[in-house]
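Those protein sequence lines, which keep their order, are chains A and B. Each residue of the first sequence is one higher than the one before, starting from 1326 at the first, in my numbering. Each residue of the second sequence is one higher than the one before, starting from 16 at the first, in my numbering.
Each statement offered as a hint is correct.
Derived SDA-like pairs: lysine to any residue, alpha-carbon spacing no greater than 20 Å straight-line:
(1) K1511/A with G232/B
(2) K1367/A with G214/B
(3) K1513/A with L230/B
(4) K1511/A with R233/B
(5) K447/B with P553/B
(6) K1367/A with V210/B
(7) K1367/A with L215/B
(8) K1367/A with F221/B
(9) K1511/A with E231/B
(10) K1511/A with D234/B
(11) K1367/A with S223/B
(12) K599/B with H331/B
(13) K599/B with T1424/A
(14) K447/B with V554/B
(15) K83/B with L1327/A
(16) K599/B with V1423/A
(17) K83/B with T1330/A
Reference excerpt, derived from the structure (chain A facing chain B, CB under 10 Å, subset only):
(18) L1328
(19) T1330
(20) Y1350
(21) P1351
(22) F1362
(23) D1373
(24) I1383
(25) T1388
(26) G1408
(27) Y1415
(28) N1418
(29) N1419
(30) L1443
(31) I1444
(32) G1450
(33) H1483
To be clear about the criterion: a stretch of chain B counts as covered by chain A if any three or more of its residues have a C-beta under 8 Å from a C-beta of chain A, and this derived list gives those stretches:
(34) 85-96
(35) 380-390
These are calculated hints, taken from the structure and not from any lab test. Even glycine gets a Cβ: it sits at the ideal position worked out from N, Cα and C.
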Amino acid sequence: MLLITHLRPALVSMGLFTLLCGGLYPLATTGIVQGLFADKAKGSLIRDGQTVIGSRLIGQNFTQPGYLWGRLSATGPAPYNAGASSGSNYGVNNPALVTAAQGRIEALGVTGPVPVDLITASGSGLDPHISPAAAEIQVPRIASARGVTPEQVRAAIHAATEGRSFGILGEPRVNVLEVNLRLDGKIK
Amino acid sequence: MWLGITASAWVQLALYMCVLTALAVPLGGYMARVFSGERTVLTAIFGPVERLIHRLCGVNSVEEMTWKTYAVAVILFSLTGFVLLFGLLVGQGVLPLNPQHLPGLTPDLAFNTAVSFITNTNWQSYGGETTLSYFSQMVGLTVQNFVSAAVGMAVLVALIRGLTRHSTDRLGNFWTDLVRANLYILLPLSLIVAVALGGLGVIQTFDSYATARTLEGRDQVIALGPVASQEAIKMLGTNGGGFFNTNSAHPFENPTPFSNLIEMVSILLIPAALCFTFGKMVGDRRQGVAIFAAMTLVFVPFAAAAIGFEQAGNPHLVAAGADPTTAQAGGNMAPATAQAGGNMEGKETRFGIVNSAIWAAATTAASNGSVNAMHDSFTPLGGLVPMLLMKFGEVIYGGAGSGLYGMLVFVILTVFIAGLMVGRTPEYLGKKIGGYEIKMASIAVLLPCALVLGATALAVVTPLGKAGIFNPGAQGFSEVLYAFTSAANNNGSAFAGLSANTPFYNTLLALCMLFGRFFVLLPVLAIAGSLAAKKAVPVSAGTLPTHTPLFVAILIGVILLIGVLTYAPALALGPVIEHLNMIKG
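Use the sequences and the hints to build the structure in full.
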């Protein structure tokens, strides 16, 4: 008897909450967010003419010497797969962690300690940023590959660098894709 | 630097706690008015909606329930949610809003996910963007994010009524409490947070996944979806189930350090505010402040410890050629030498060490379970922090409602232990604590512990359990221990290397989530019923005051003692061995 009395409110209220929280609420949010921030709501996509060439918030895989390189990415089957985000989940003692770091240092071809964010994988596998120190260490390679002065490369990096938010929150960071778009002359 | 932690880290931690407290106090007062049925600013809007829902449900909202009726209503409601969500997930392939044509989930994965969301755990055996359609996320998961949090809050309110009333068997009406929690608290807060996050770059769209032509000429598929609406309630309802596989590490869920602050505040906001709701409803604000103080005094040192361990970094990477020193820049300067340093594996550049470590502590102190960095890649002792915070039973702020009712169970144990020490009958808020309450409290505290240790033992001695382990050595054991700790305490975060999407793990973890939720919730309702029936006893010279620093210290001692004593051997086999292996080089 007790069960039957309370079955109706259980069923009906679940249906009503589904309408309210699963229908009206997300649709209202969509209306407001798309109305106020249309570009951000749809993924902060960057276009070259009609072609989508990336998102300001999503990193891309860069391997050519003339581009600034980002974090390592552990997404499968290829790095920076924004259809299947993933971290490496390597523990500190996993030999694969050191192998990946050594492979990156070799590819960078630099001597001396490398900023740690440049030889480790990000949590999402899609990190759009690296630290200013990790960008600076790549300046000579990019400059020589492109035949430009290091100062020109630094200017592109500087234009794509943010400090801490409000001077307090987070970390200083360089948007890798933005630097490369500037180096390619696609944004000025 | 102080205690190996940079000045910037201390500033960010202090700012976080200040913002949290400043918002929790007024929200706590507001929630007390909501649950007491008083008029609020939103009554004009939601009052008619509330009455309409009750009429359609055939509920007389002023008719109060005994604890057993309240429990039956909770179980029937949760069961309905389970059946609905299981059906939606299995049938995903034929349902709308599925632009990627994702197939229905396997029965074991659907079972695990449905249990995970009705128990407010949000363990992710699924992979978000690769597994679930927009419809499943929005109509399935988002709804349970709301109502599972509301159930926790309702049960807490019933317990508070048990403490404040006397000589009655009535604890309020579950349907009324449930509807109020959703309408007046969770929905408006979520809308505010969702719009704020949308302004910072969190996406909200029904477009199918985009394909970008990258600068190096490859195609990059970019998963999209209605994220902001789900993100807001995911944080506020202590749910934690990400829209994407990598949760709040994904730039579309958490794009900037400011969005990160909003999300971190949202994790602890309702559980912290409920302390003040409690103080107001029991008519003695000091009682709420004392509990908030106990939670904060545990949380802050644990968060600081996590920052310190992660900033110290991984010696193996240094040997391989990493520069792990943190180069600090003042204010919003970004000189070419700036870097976070430390152990950056699995962490995002924009959050660095500090915001990843604070998040890890907050998400496990609360039973949220979202992540903005991969806990499996934390240093062993940095990863011990979130594990231990969960092992305390999710009472350091804890889940929405469930955190404080779990904490009140510890308070009852503490007045009992303190009473034994001085030879007085234990009392709390004018109620004598008897054998029945202590038995129920013991079930609520010990059952999750037994689930964690029993299930971990089973998994590490069976081939099916061992098959899921990813990292070699002690870290592999930690992955299993973390998984069952997370499930049985309804947290939902993971050492995500573990391959948990197998029938073995899906089933065993789901059972841990179910028992971990309902064998705390039901004893709590039993305690509420028993206390409500008692007469109030006047305060005497022999009454132990429960708002003093002394009581706060004993309470913290009891929580730490039970947690650490229960789990010390298991933790020695996992994080401690892994740490020793790391420093031996």
